[in-house]
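Here the protein sequences come in this chain order: P and D.
Here my numbering runs 27 ahead of the position in the first sequence, where the first position is 1.
Here my numbering runs 212 ahead of the position in the second sequence, where the first position is 1.
Errors might be hidden in some of the hints.
Output of the computed footprint for chain D on chain P, the stretches with three or more beta carbons under 8 angstroms from beta carbons of chain D [to be verified]:
#1 36-43
#2 55-61
#3 68-80
#4 105-119
In silico lysine-lysine, BS3-like type, Cα no more than 25 angstroms apart, as pairs [unchecked claim]:
#5 P:K60 x D:K632
#6 D:K598 x P:K86
#7 D:K598 x D:K522
#8 D:K476 x D:K598
#9 D:K476 x D:K522
#10 D:K598 x P:K60
#11 D:K522 x P:K60
#12 P:K60 x P:K32
#13 P:K102 x D:K324
Calculated directly from the structure, the hints in this document are not laboratory data.
In this text, a Cβ means the ideal position worked out from N, Cα and C, and glycines have one as well.
Listed below are the residues making up each chain.
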Amino acid sequence: MSLDKATVARIASLARIRIPEQDLDGLATELSKILGWIEQLSEVDTSDVPPMSQTAPAKLRWREDKVTDGGVRDKVLANAPDARDGFFTVPKVVE
Amino acid sequence: MTADRALTALTLAEARAGLRAGDFTATELVEAHLAAMAEARGLNVFIAETPERARAAAAESDRRIAAGSARPLEGIPLGIKDLFCTDGVATTAASRILDGFTPPYESAVTAKLWEAGAVMLGKTNLDEFAMGSSNTTSHFGPVENPWRRRGDNRPLVPGGSSGGSAAAVAAKLCLGATGTDTGGSIRQPAAFCGVVGLKPTYGRCSRWGVVAFASSLDQAGPITRTVRDSAILLTHMAGFDARDSTSIECEVPDFELAMDRPLKGLKVGVPREYRVDGMDEGIESLWRQGVQWLEEAGMEPVEIALPHTKYALPVYYILAPAEASSNLARYDGVRYGLRREGADLREMYELTRGDGFGDEVRRRVLIGTYVLSAGYYDAYYLKAQKVRTLVARDFEEAFRTVDVILTPTAPGAAFAIGEKEDDPIAMYLNDVFTVPASLAGLPGISVPAGLDGDGLPLGLQLVGRAFDEETIIAAAAAIEARAAFEGEPGRGGTAP
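Isolated chain P (complex conformation):
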């Protein structure tokens, strides 16, 4: 599998990472090499093999439906690069 520059730019946009134009060619080569190496997995017959997402038992625990945490607004906001009046701030999203 070979990735071209445009594909790398598209993935970077999906991942919300700004990549300088001059890095795109190098990344396309690097990522193509990694994906090429990964492709050896196609040799393995996986028909009738279930996918594995966890080594732990897949069943999630139940708990009582009650509040177990919270009430720490100021602690949460203390790390925000910009917070005002008890809120996180972001650039304007609605005109």
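Following the hints, position chain D against chain P.
Structure of chain D alone, referenced to chain P:
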């Protein structure tokens, strides 16, 4: 003040006995280690030193020891990988994107250690977001291995990603350290630095408060100078935690008691697939030696097959980046860490993440995004999850016949800083022997077993059944006793 080498040379178990007997105080023990850390700053092991906190904790330990109410790890100074959130102490994951982040909470594992009386000396350096095998991807610069090749003073990597923790333990800057292991990040640096590293069964230690890399694989564990010390630390790191949805409800034994377990009659598996091309001859003969040592301890060697071994690494390099791309989506410049202003929200995200992530993290997030993207999910991600099943089944099959599996920890010894930098795949191959057990969620321990031709440490790995850390501890103790590994790496480094 120069470091008191008699105190920093103690093992954790010896220091525990000395403190209880009143041979020295916790304050003296902590001061000796703080002085050692100051001597070793050229190794760039610590991202942050926390001397005030250490001194206050040591004073509290001395009060408790005097009052006869000492806790199990009372006064034991530790290094903490800077991937564990520590209340009121900046936590960076060695990334620029967490610039300025100070957690208002304590990770479950470190909270347990402090409850047991342990003392934090500082936060140790690592690969950025634990992504790396050489500790060269840290935003805070590479860590230097305290070991050097004989007759060659070029700085070597300590391995990664828990490179700072392993180097700190090897240079005797702390009695033990925490690490995390996703594909080998405890065991491989332990091998490179000539120390012991134990990755427990997935689910043994809570992931709560540990900066996430690949959640289906991440697991915390100890790095120490002896097997006994790792057993002691693990006892106080493990345990069920309802805040981690994959934490396992399972009793935590006193792992130290496993040191003396008889091995007679148990079987050790030797997987033929781990004899890879280009493996260092020194490692191959050390592996044979390891089998002999376990035979002397009464174990019976059995050749086993783990046929999907060669596919474990490519599986890992799909699954771990996929999980990472999802986990790292939270770094958006809004709630914590770095922020680069943009004209709109999207530009703010892109500039923040473009500036905040280093090259390796960027590479992995892109790979992860790609393999999860529409049209490629089945071909890459789902395929990798299926092959993961086959890798895990290989182990299940093997453990029907054998009780532990012995392998080398890594295919070679520590390499020079800068080597393998321009070839990601060559770097990834460092984890070829550690990744399979990670995919299967099994416990593994690396024990220093000898030196290579250049005088650098080499490690052997023991892999056990799920939740049977005790048998690998016992077998590792048997190797440790026979290997009589020795070496005195320095504290000199070249970092500014």
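The hints, checked one at a time:
1. Check on the stretch 36-43 of chain P: 6 of its residues sit with their Cβ under 8 angstroms from a Cβ of chain D, so the three-residue criterion for coverage holds.
2. Counting residues of the stretch 55-61 of chain P whose beta carbon lies closer than 8 angstroms to any beta carbon of chain D gives 4, which meets the minimum of three for the stated coverage.
3. Coverage of the stretch 68-80 of chain P by chain D holds in this model, with 9 residues showing a Cβ closer than 8 angstroms to a Cβ of that chain against a need of three.
4. Using a Cβ-Cβ cut-off of 8 angstroms, 9 residues of the stretch 105-119 of chain P lie near chain D, which meets the minimum of three, so the contact claim holds.
5. Distance restraint check for K60 of chain P and K632 of chain D: the Cα-Cα separation of roughly 15 angstroms lies within the 25 angstroms cut-off, and the hinted pair is therefore satisfied.
6. Of the supplied pair hints, the one linking K598 of chain D and K86 of chain P holds, its CA atoms being roughly 19 angstroms apart against a limit of 25 angstroms.
7. Between K598 of chain D and K522 of chain D the alpha-carbon distance is near 15 angstroms, which keeps this suggested pair within the 25 angstroms criterion.
8. Restraint check: the Cα-Cα separation between K476 of chain D and K598 of chain D comes to about 37 angstroms, which exceeds 25 angstroms; the hinted pair is violated.
9. A C-alpha spacing of about 32 angstroms is found between K476 of chain D and K522 of chain D, which places the hinted pair above 25 angstroms, so the restraint is violated.
10. Between the alpha carbons of K598 of chain D and K60 of chain P the distance comes to roughly 22 angstroms, so the proposed pair stays at or under 25 angstroms and holds.
11. Distance check on the hinted pair: K522 of chain D and K60 of chain P sit about 17 angstroms apart at the alpha-carbon level, within 25 angstroms; holds.
12. A C-alpha spacing of about 14 angstroms is found between K60 of chain P and K32 of chain P, which places the hinted pair at or below 25 angstroms, so the restraint holds.
13. Of the pairs offered as hints, the one joining K102 of chain P and K324 of chain D holds, with about 22 angstroms between alpha carbons and a cut-off of 25 angstroms not exceeded.
Hint check: violations occur at hints 8, 9; the rest are consistent with the structure.
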